Each structure stands twice: as structure tokens, then as C-alpha cells.
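Position chain B relative to chain A; hints supplied.
Chains as they are written, first to last, in the numbering used here: chain A, 90 to 324; chain B, 5 to 497.
It is worth saying that the hints were derived from the structure and are not from the lab.
Quantities reported herein were computed from a predicted structural model and do not represent experimental measurements.
Errors might be hidden in some of the hints.
Said to hold, decoys possible - Here are the computed lysine-lysine pairs in the DSS-like style, where the Cα-Cα straight-line distance is at most 25 Å:
1. B:486 <-> B:349
2. B:58 <-> B:107
3. A:224 <-> A:261
4. B:488 <-> A:148
5. A:141 <-> B:481
6. A:103 <-> B:488
7. B:349 <-> B:238
8. A:148 <-> B:486
9. B:8 <-> B:135
10. A:217 <-> B:284
11. B:473 <-> B:349
12. B:284 <-> B:115
13. A:217 <-> B:488
14. A:141 <-> B:349
15. A:141 <-> B:411
16. A:103 <-> B:486
17. B:107 <-> B:284
18. A:107 <-> B:488
19. B:281 <-> B:238
20. B:481 <-> B:411
21. A:148 <-> A:312
22. A:107 <-> A:141
23. A:107 <-> B:135
24. A:115 <-> A:270
25. A:141 <-> B:284
26. A:141 <-> B:115
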Amino acid sequence: MIETSNLSKSYGSKTVLKIDSLSIPKGQSFGLVGNNGAGKTTYFSLLLDLIKPSTGHIKSNEILVHQSEDWKPFTSAFIDESFLIGYLTPEEYFYFIGELRGQNKADVDNLVAQFEDFFHGEILGQKKYLRDLSKGNQKKAGIVAALIGNPDVIILDEPFANLDPTTQIRLKGIIKNLAEKQGVTVLVSSHDLLHVTDVCERIVVLEKGEIVKDLETNEATLKELEAHFSGSEVI
Amino acid sequence: MRLKHFLNLEWKQFFRSASFGKSVALNILMIFFALYFMVSFLVMGIFLYPGLKKVFPDQDPFTTLNSFLFFYILVDVLMRFFLQKLPVMSVKPLLPLPVKRNKVVHYVLRKSAFSFFNFLPLFAFIPFSIKLLIEGYPTGSVLAWLFAIILVTLIINFLNFVIESFSSETELSFLPIIVLAGGVFALNHFNIISFAELVSQGFTAIYNNPILILIPILVLTGLYLVNFKQLKSKLYLDSSLKTKVTEVNASNMEWTKRFGDIAPFMQLDLKLIWRNKRSKSSVWILIIGLLYGLFFYPNPAYANMPWFFAFVGVFVTGIFLINFGQFIPAWDSGYYKMLMSQNIKYQQYLKSKWMLMTMSVVILFVLSIPYVYFGWKILLAHFAAAVYNIGVNTHVILYGGSFNRKKIDLNQRAAFNYQGTGAVQWIIGIPLMLLPLAIFGITYAIAGFEIGCVVLTVLGIAGIVLHQKLMKFITQKYLDSKYKMIDAFSQDS
Chain A
90 MIETSNLSKS YGSKTVLKID SLSIPKGQSF GLVGNNGAGK TTYFSLLLDL IKPSTGHIKS
150 NEILVHQSED WKPFTSAFID ESFLIGYLTP EEYFYFIGEL RGQNKADVDN LVAQFEDFFH
210 GEILGQKKYL RDLSKGNQKK AGIVAALIGN PDVIILDEPF ANLDPTTQIR LKGIIKNLAE
270 KQGVTVLVSS HDLLHVTDVC ERIVVLEKGE IVKDLETNEA TLKELEAHFS GSEVI
Chain B
5 MRLKHFLNLE WKQFFRSASF GKSVALNILM IFFALYFMVS FLVMGIFLYP GLKKVFPDQD
65 PFTTLNSFLF FYILVDVLMR FFLQKLPVMS VKPLLPLPVK RNKVVHYVLR KSAFSFFNFL
125 PLFAFIPFSI KLLIEGYPTG SVLAWLFAII LVTLIINFLN FVIESFSSET ELSFLPIIVL
185 AGGVFALNHF NIISFAELVS QGFTAIYNNP ILILIPILVL TGLYLVNFKQ LKSKLYLDSS
245 LKTKVTEVNA SNMEWTKRFG DIAPFMQLDL KLIWRNKRSK SSVWILIIGL LYGLFFYPNP
305 AYANMPWFFA FVGVFVTGIF LINFGQFIPA WDSGYYKMLM SQNIKYQQYL KSKWMLMTMS
365 VVILFVLSIP YVYFGWKILL AHFAAAVYNI GVNTHVILYG GSFNRKKIDL NQRAAFNYQG
425 TGAVQWIIGI PLMLLPLAIF GITYAIAGFE IGCVVLTVLG IAGIVLHQKL MKFITQKYLD
485 SKYKMIDAFS QDS
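Bound conformation, chain A alone:
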């Protein structure tokens, strides 16, 4: 589904990301972990063509991401709060995203209704603008908005941060369901090793912009990751 080859991004002489080859098959739940500055968000931004690769390319469904825009209809993402439109209510925001993705109001209502317990009664019908919601609730709205329009690829940057424990557990259920039952390719980055090993079939560790580990998730994975990060933390 997503093929990365010879990809690199540098600012001046500093290379922040360098991935020679990475291939993510369709329907995989893919986790990206790494310390701050490892290049997680840079990789996601390249996937969404928000920044220009210095070398190499990413192919999503055989489409060159930085040349064609045809990947947009089947790709959606929530990177940070700047993906939200602060002066809309959550409902208005969902409808707006829905219209961009060719969904009518009824479609959006149907989809959003499935996430009622995820919202915990704090998003819908509140008559509040998104900018007035708490960080956690903004995130919930943004994540659900990324699910509108049956995308094949969903990219979530740090989805677990800022969420309360109940919501974290529910979000894990949603992500697993997407990948296993609906065949959606889900890309997730996180600092929380436990969550990411729970959710993802495959985990890639980035360090200073390069892939240092590429693991199939099993019982030993969490231990291995913890060992890796506690070792590399020592300075």
C-alpha cells in the first residue's frame, strides 16, 4: 500500500529523516515509535505532502505522493490541533469534512453515531466551538473526523496523548477494528510503548531519522522496546 524508497529530508546540512526502504502492506496497523526529534512527525508530514522530500519518494497505492494529488481521496489524517477549524462546532466540522469527502449529512451522522461512547457525551450537541473544547475533546473530534469517508489509509500522530484512560482504551478498540475487520491501513505514532504494542501488528523504531528496529508485534516486543529505550536513554 505505502512504499517508501530512498526518502530523506534535510534542513540545511542537518538530515532529519532518512529511510532507504519501508513498505507497509494494506490493512496493516503500523506503529512508529521514537524519542523526540526522531522524525515521526516529519515522516507523516511527508506522507501527507505537507513538506517536500529532499530525495526519494513515497508511493501510496502506486501514486507518487509529492507529484499527484490522487492519494487524497483515500487518505485521511489527524496530526495536531491545527487540523481543526476552531470557529466551527464539532458537528459543523464533521459535515464540512464530509462534504470534502463526498459524504452527505446522513452518512456523516451515521458514522459519528457509532462513536457516541467514544465521545462520552462531551462532543455532540454541546453548542460549543471547537476552540472552546478541552485539548482532549478536541483530539477526539479530530480523530473521528479522520474516519469520515471510508479512507483506506488513516494517519494519526500521537493519538493517545492528552486522552483520558477510558478514551484511550476505546480508541485502541477502534483502531484494531479498523485494521482487522475493515482492512484499513492505520499508521500511528506514539510515545507510549504499551499502547502501541497493544494496537499495532508491526512497530518501527526511529532514531535520529533512521530506522533502527522493525518488529512484528508479539509477547516479547514490549520488553524488547523497553530494553531498547532504557538503553538509549542513558547519556
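The following block gives chain B in isolation, referenced to the frame of chain A:
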């Protein structure tokens, strides 16, 4: 925590801000303005005494000046409201530190006393006082009078912050201050309460009896305390954490549906304009723009200058276009990343903005029809200007927008907020305003008024006919600068 720590922090804030290098041009412009005003005030101060003596030969210049002080104070209050802001300081990081709250507040307030606006009057009043002394007025009295002026300046300084915080809470923007100032002026003008007289008597009293200086000192102290209380109450986190419970009245705006595929963007734009402080003010400016013609048309001096009508027409019918258009696409800078990763047709996005601007021109033209009272020629010129605005200026301003690299925070107060203003906004004014003026002026001089109108109209129609082609070209410009815009908009200024 000492004063030097505060100063150190501010120094770093200024020089390390992300926009420091970029806004140098703007700063130079501001310094230029400041110098200009300083020199003007100085010259005014030097020539005030002989000037007043010449104009009012049978009055003591000092008394004459006192009788005008009321108007000076009124103008000062208005100017400050629009131009001066309470010096801001990011206090949040200081709150958990062992710094007394009182100290922070005192510091912020005292700093405001050193504003440029408080020094500016000195450039006029000190030379005037020196002149008074040379003319043999009693030294003690003159000094008391000058001191009173300084005190009044400071009183205005602190009064302004009270007014400002009041009007920012009520969302009425600059309406209260205009009503207040207009009311006081009217009361004075129609001799109901002669404020000019009162102010004059007050200053004369201090001049005659310097001990009365205590009154302005008391007023100043009182205002300082009011400000102190007000600021201190804001210095708790809960005032910023408290969620506003403003009920949202969501409207469907079904009528936009008839615009087809640009409807979602039009709805978004209309909500953007109406729900954010910064953009909402461009609606208020509409009213000012619409009345702009009244500055010129009733004045017989302009009646014989028809070449000027088209310029006024471009402005009157295009005020929204200029005001809203100059910040395309920066209005959407807060969520530009999201838009760029969505499945959108860029051309629709721009077309929606174009449609909004075009509609505003049509509406403003209709509203400006009453200007026909001042002559048919004006209506004709306005019509030509409106067509020109739709056909040419909308495209020019959209094209200019592709060079926009400055983020806008939609929640900031609007009037005289220079955030998001870059070189683009200054340069775009040339083709926008001066080009039609030049075209019309030249054709008017060569071939007459009617031909001038025809030329503007034809240019406008040409633009409308070529609309699709022009939009394609403009869209490509936006696509070419996509990465640069995303990068610039994601940086905090």
C-alpha cells in the same frame, strides 16, 4: 525577582521572536512615523505661541490654548484607543514562581507609563512652556501647568486601558468609544455642557493656584488603582481556563447550496467572517467605507474633479474586497495543513473567495446608489468602478494572496492589528487602487469622462470573460507555493 529580570525577559522576547527579522521593514516604517510625529509636535510647540497670537490677536495665547485643550484630550483618547495597547507580558510562566503578583502588575502598569504616546505631547508642551517663561509668565505657575498636562496625559493613558478592557469584554469593538467621544463632543458642540470651558477653567485654576495640582494627582492615583485591581484579578489562571459558555447558533445557510460545489467553502468563509473577532471587524469597516464618499462629494472643491470619482468608486464598492482579500489565504492559516491534506479542489476554494468578494461589490454598489444625489456622473463612475473591481481587482488580490506568508490569529482584536501584514499588503495597493485611478485619469484627460467610464467597464468585462483562465493561472501560483505557505503558516509569529 527584580526589575532587571523582567527587562531581561522582554529583551529576549523581542529579539528572539520568530517574526523579528521579517518585520524589520514594518518596524522601520513605524520608527519613521514616530520621528515624523516627534518633529511635527516639536515644530508645533515652537510656533504655537506666536501662531496663536497671530490668529487670535486680542486674546492671551495661553488662555486660547487652554480653551482648546478639551479637543486635544478628546483626540488623544481616540488615538490611543486605536493605537495603544496595554503592554502585554506572558505571565503564565511566572505564576508558579516565587514572584509577588503585585510586583508583576505594578511592573506592567508602570511600563505603560513609558509609552511613546506619553512622551509625544512633551515635544509640544515643553517648548511652549519655555516660550511662556521667556514671555515673562510666572515660573511656578507655568511649571504647575506643565505638570498638570503631564498628569492629564498619564490619566488618559490609564483611562484608555479601562475603556479598552471594557470594550473588549463586550465584543462591541470600537462602538463604545465612538459613542462616548461623539456624545461628549456633541454635548460640548451644542453648548449643553461646555466641556471645553470646564477643562479650560480647570487648567487656569491650577495655573493660578498650583496647590490644586493635587486634584489630578488624586484622579491619577485612583485610576492607577482601578487598573491595578482589574489587572490583578485577571492574573489568575482560571480566567483563561474558564470556558466561555457562549451558545452557538448554528445555521445551515441552505441558500449557499445554489452555488454548487463551492457551497461548503462559502459556508466556511461566512462562518469565518462572522465568528472571529479579527474578521468581524471587516464588516464594521464596510460601514466606514460606504460613507467614505461623503468626505468628498459634498465638498464643492471636488465637484470639478470628476477624474477622482472612479477612485472613490473603487474604494466604496471594493472596501470588503480590499479588507478581506488582502489576507487570503492567511485567514485559513490556522488549519491550512488540514486543508492541504484534504481532498479539495484548490480552484473551488479560491472560487468561493472570489464569489464572496464579487457579491460584496454588487451589494456595496447597490448601497452606494444614493450617492446619485450628488450627480449622475458619480453613479456612472461607481458603476464602472464596480465592474472593474469584479473583473480585475478580485483577480489581482487573489494573485497577490499567493505571496502571502504571514499567519493570522483570528481571535486577536482587529483595529490596527498589524499581524499578518507584510510587504504584500502594501505593494498590492498599487495595482488595486492606483492603477484604476491612473487609467481613468488618463482616459478622462484625453477623451473625457464617459470614455473613461467605458474603458474601466470594458477592462472589468474583459476580466469577467477571462475569469476561468485567470483562475487557472492563479490556482497554479498557489499550488507552486504550497510548501512555503504551509511552513510559514505553521510558525507562530
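Against the structure, the hints come out as follows:
no.: 1; hint: B:486 <-> B:349; verdict: holds (13 Å)
no.: 2; hint: B:58 <-> B:107; verdict: violated (51 Å)
no.: 3; hint: A:224 <-> A:261; verdict: holds (19 Å)
no.: 4; hint: B:488 <-> A:148; verdict: holds (22 Å)
no.: 5; hint: A:141 <-> B:481; verdict: holds (17 Å)
no.: 6; hint: A:103 <-> B:488; verdict: holds (19 Å)
no.: 7; hint: B:349 <-> B:238; verdict: violated (45 Å)
no.: 8; hint: A:148 <-> B:486; verdict: holds (20 Å)
no.: 9; hint: B:8 <-> B:135; verdict: violated (39 Å)
no.: 10; hint: A:217 <-> B:284; verdict: holds (19 Å)
no.: 11; hint: B:473 <-> B:349; verdict: holds (16 Å)
no.: 12; hint: B:284 <-> B:115; verdict: violated (31 Å)
no.: 13; hint: A:217 <-> B:488; verdict: violated (33 Å)
no.: 14; hint: A:141 <-> B:349; verdict: holds (20 Å)
no.: 15; hint: A:141 <-> B:411; verdict: holds (20 Å)
no.: 16; hint: A:103 <-> B:486; verdict: holds (23 Å)
no.: 17; hint: B:107 <-> B:284; verdict: violated (36 Å)
no.: 18; hint: A:107 <-> B:488; verdict: holds (22 Å)
no.: 19; hint: B:281 <-> B:238; verdict: holds (20 Å)
no.: 20; hint: B:481 <-> B:411; verdict: holds (19 Å)
no.: 21; hint: A:148 <-> A:312; verdict: violated (33 Å)
no.: 22; hint: A:107 <-> A:141; verdict: holds (13 Å)
no.: 23; hint: A:107 <-> B:135; verdict: violated (74 Å)
no.: 24; hint: A:115 <-> A:270; verdict: holds (12 Å)
no.: 25; hint: A:141 <-> B:284; verdict: violated (35 Å)
no.: 26; hint: A:141 <-> B:115; verdict: violated (45 Å)
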